[in-house]
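Student: The primary structure of each chain is shown beneath.
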Amino acid sequence: MKEKLFKNNTLIIFLLMLVVSGIISDSFLTGNNITNLLRQVAPIGLISIGMFLVILTGGIDLSVGSILAFTGVAFALLSYEVYFAAGILITLLLGIVIGAASGYLVAYRGVAPFIATLALMTIVRGAGYLLSKGAPISVGAHSSSILHLGTGAVWGIPTSALLLLVVFAVVYVMLRYHILGRQIMAVGSNEEAVRLSGISVERTKFIVYVISAFLTAVAGLLMVGRTGVGTPTIGIGLELDAIAAVVIGGASLSGGKGTVANTLLGVLILGMIGNIMNLMDVTAYMQQLIKGLIIILAVVFQKQSR
Amino acid sequence: MLQLTKIAKSFGGVKALRDVSLDVRAGEIHALLGENGAGKSTLMKVISGAHRPDSGTFVFDGKEIAHNDPSLAKSLGISIIYQEFSLVPALTVSENIFLGSPEARGWLNISAMHDKAQGMIKSLGFHIDVSKTVSELSVAQQQVVEIAKALSLDVKLLILDEPSAVLGPTEIKQLFVVLRKLRDSGVAIIYISHHLDELMELSDRVTVLKDGHTVSTVETRTVDKDRLVQLMVGRELSQMYPPKPECREYEGEITLEIMHHDNPISFSVRRGEILGIGGLVGSGRTEVLEEAFGLTGNRNVSRLVGGQTLVFSSPRAAVKQGWGMVPEDRKRFGGMLTQSIRDNISLSSLRKVSNRWGFIDAKKEEAVVNNLVDKLRIKLEHIHRPLSTLSGGNQQKVVLAKWLNLELNVLLIDEPTRGVDVGARAEIYQIIQDLANQGIYIVMVSSDMEELMGMADRILVMQNGTIQGHLSRPDFSEEKILRLAIGAD
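Top to bottom, those sequences are chains B and V.
Count along the first sequence from 1, add 1047, and you get the number used in my numbering.
Here my numbering is used: position 404 in the second sequence is 400, and no number is missing along the way.
Keep in mind that the hints were calculated from the coordinates and are not lab data.
If a hint is listed, it holds; no wrong ones were tucked in.
Have a look at the derived ranges for each label pair, beta carbon to beta carbon:
id, chain 1, residue 1, chain 2, residue 2, range
1, V, MET196, B, TYR1155, 47 to 55 Å
2, V, THR129, B, ARG1250, 34 to 42 Å
3, B, VAL1067, V, SER134, 54 to 62 Å
4, V, THR129, B, ALA1166, 24 to 32 Å
5, B, ASP1328, V, TRP103, 51 to 59 Å
6, B, ARG1223, V, THR385, 19 to 27 Å
The calculated EDC-like cross-link candidates involving lysine to aspartate or glutamate, where the alpha carbons are at most 20 Å apart (straight line), are:
id, chain 1, residue 1, chain 2, residue 2
7, V, LYS59, V, ASP150
8, V, LYS152, V, ASP65
9, V, LYS327, B, GLU1239
10, V, LYS316, B, GLU1249
Quick partial rundown of chain V residues pointing at chain B, CB under 10 Å, derived from the structure:
id, residue
11, LEU291
12, PRO311
13, ARG312
14, VAL315
15, MET321
16, VAL322
17, ARG328
18, GLY331
19, SER344
20, ARG347
21, SER350
22, GLY354
23, ASP357
24, TRP399
In this text, all values refer to a predicted model and were calculated from it rather than measured experimentally.
Backbone N, C-alpha and C define an ideal beta-carbon position, used for all residues, glycine too.
Turn these sequences into a full structure, and let the hints guide you.
Tutor: Below is the structure:
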């Protein structure tokens, strides 16, 4: 067990950051700040878990940032047309359809994941702008309960963080105990061997893109829930944050390697970097620079002790 | 040329080499023989400077080398050709030959390079258009380019690691011609191979390694194959192949008809027999298996099983019908090296160890996997360790084990023992024979004629995508197979 702990570099980095942050800032380990931090990382956490599954199969999903914005806008517009629940359902369905498009291109048409999702990223971003005419859209009054999702709390824990925890648990169990999980790992490890074993590589790949887009749509709802506004410009470059979180979590971009727990730690590490620098009043430009450096450090540390 | 004395090397607690002494003379072909795990690869890495020995002396060309490293070894004239080629597929032959050589710096004189490369290939007795890219070449031609590349660096000691694994019989003959020529020009050659026939034919002396020790170095002409096998494992060659059941009645037959590029191929396998397919590399043997398994998506394959026609055009459908395939290239198609042994074995039968919602019953799965591990005598530390931690022979057993938790009806095997050491080979043969005895239809492709003759009940020989002839057991001989394979009949 002890050996296992020290093999898990992501956990070490995480604990290290936790201690360092606690020391350099008195306000870091306050309940208020932790709640705030959890609320901030929930959407990117959901997206990163989806990204992790895609990366496990050896793929990549660049469209998540656009889907986040698009689904937010879609929900805001729907809030004037349909009931709250229907709005949520249709928004999630839209996410699934977008994921199905990427998945179809990658799995059944043999388009490289980078290219397929790059195209979807552009299309979906454009669609978001078209729908909203480029302006933020506030959610209609009778759908304002969405705000509970973004700002509410259950037993003092932010609702959005609980949602992330549930998704994490489901994916964790799926990867460990479900056929689909085994197949996702297997496809990323050796696609040809999986095909020869009589398993549909295409179906497995298709599913991960659908899951990724679905989780991003959920994240889109969380974002609207935080501000009450669907914004077509959010999430630009977000796919890179999600990829960074997965990589900090020690997963291999060529697939077949990594754990969802480490991805979650990767998300928290990235979130903490931003959070602590805000507390320290580091300027936004400086933040970017430092964030990049810390990513390099984390990944090099991962490689070193392998 | 090269004298190694009492070389030892350990990794962590594992002693890869305990006491190895090797003496290779200029102008000789020195074969190195040993089971997988005997220490051959580690020894090669010591010679090439990739590993530094813990103790022992290393003398090359009369000088003691205290601190060897890869670039020093290169400048001394030591060159290794690995099993996996180091050529760049997208570059031309001449570009590959001069890649990394001091002449290829700055601006390149392409036509001069071409001429020089062409001359080198020609001096090896081959004709290859050096302006072709390597990806256009056959595997045998790539090997020649690999050798030419080594020679471009003024090589004194050439090491070949299982060069014949990817070559067919005629290509091996060509390779031997080249190697003999090099030997006669004074180059020292270390030749590693599992194929005793080749070693007997080619080498001047043989050094046998076992468990990190040098067992002995012998003059090749003073020993026979049985003696070498004894030195390696203490097992007689005649015990390699399992006995065939005495009284045989075949009930049931599968007839395969494949339309392959407008070329009809048709043959039958009887229940309980092993059908061997022989022929040169590239004769279409592998393609036949792939078509039969539905891998190519070809719909013009008719499979007649016990009077019923089976149609499928994907491996997924094939597996559902109880068909399995053990591919030729274990690393690329057979196993998932980075995943656990458990995951590899249960991959094709996950449905059988999970409930109807798709949740895997971990206990049941482990029981099934452990049972197969025991049954096939797979040597491993733990089923949760990655497949890559196993030796070639045990990896191959894992790839076989994958199919044994299904109601298997037909098993297609492409090169059952490539890169597998002698000891594990005999075990794999036994497993295959057992499967046949259980009534599983077996089609086995092999380039190793001894293996074909030892295992098959009937042999079908292919050339250029067509069947040249059938041989039944009493008619087996290497000569007959080869004559059919090269179309001499």
